[in-house]
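Following this note's numbering, the numbering of the sequence shown begins with 23 at its first residue and continues without gaps.
Just so you know, the hints here were simulated from the structure itself, not pulled from any lab data. Owing to the predicted nature of the structure, the values given are computational and were not obtained by experimental measurement. Cβ atoms here follow ideal geometry from the backbone N, Cα and C, with glycine treated the same way. Just to be clear, a hint being listed does not mean it is correct.
[To be verified] Mimicking SDA-like on lysine to any residue, the simulated pairs with C-alpha atoms at most 20 Å apart in a straight line are:
(1) K34 - H79
(2) K34 - G111
(3) K34 - L55
(4) K34 - T50
(5) K34 - T119
(6) K34 - E120
(7) K34 - V67
(8) K34 - V121
(9) K34 - H49
(10) K34 - E59
(11) K34 - A60
[Said to hold, decoys possible] The following label-pair restraints were derived from C-beta to C-beta distances:
(12) H49 - E101: 44 to 54 Å
(13) H66 - E140: 34 to 44 Å
(14) R39 - A147: 17 to 27 Å
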Amino acid sequence: MSSMGTSTISLKEAIDRGGFYPSLVHHTVTEALDGREAEHQIVHVDTHFDMEEVHRHITVLVLAEDVIIVAHLDDHDAEDEDSPARGTGEIVARISTEVVPVGRIRSLILSEVHRQPEQFRPDRALAEVSLNLNWTGGAR
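Throw the hints in and build the complete structure from the sequences for me.
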């Protein structure tokens, strides 16, 4: 389960809150879990603006028993693909998942950004948090 404030939410609720193709993301992550129970999760939706285009991405990290599931989804116009949908104006979504055994995690880097550090108080919200997991052959 994941904590947000004092409430605990399920993996499905966290993905639903992300609002970016939640049925597809939840299905794919559940398949990758292969029957394992999600113990903790981080769901992050990111939006980028590029000239006239808006690009969204969702990354889901799930700790489940002896593995970490890493799923990342983005979408784009089928024009960018060599596919039968090319030229139709259709949107395609690409989702990648990786199942990483916890024993392969080599390091974890947590970076925090604090505004006005001279006025730091432990109860004040962070401006930004980055989590970097490194394993043999990959990082996210």
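Status of the hints after comparison with the structure:
no.: 1; hint: K34 - H79; in the structure: holds (17 Å)
no.: 2; hint: K34 - G111; in the structure: violated (30 Å)
no.: 3; hint: K34 - L55; in the structure: holds (13 Å)
no.: 4; hint: K34 - T50; in the structure: holds (12 Å)
no.: 5; hint: K34 - T119; in the structure: holds (17 Å)
no.: 6; hint: K34 - E120; in the structure: holds (19 Å)
no.: 7; hint: K34 - V67; in the structure: holds (15 Å)
no.: 8; hint: K34 - V121; in the structure: holds (18 Å)
no.: 9; hint: K34 - H49; in the structure: holds (9 Å)
no.: 10; hint: K34 - E59; in the structure: holds (12 Å)
no.: 11; hint: K34 - A60; in the structure: holds (10 Å)
no.: 12; hint: H49 - E101: 44 to 54 Å; in the structure: violated (26 Å)
no.: 13; hint: H66 - E140: 34 to 44 Å; in the structure: violated (29 Å)
no.: 14; hint: R39 - A147: 17 to 27 Å; in the structure: holds (18 Å)
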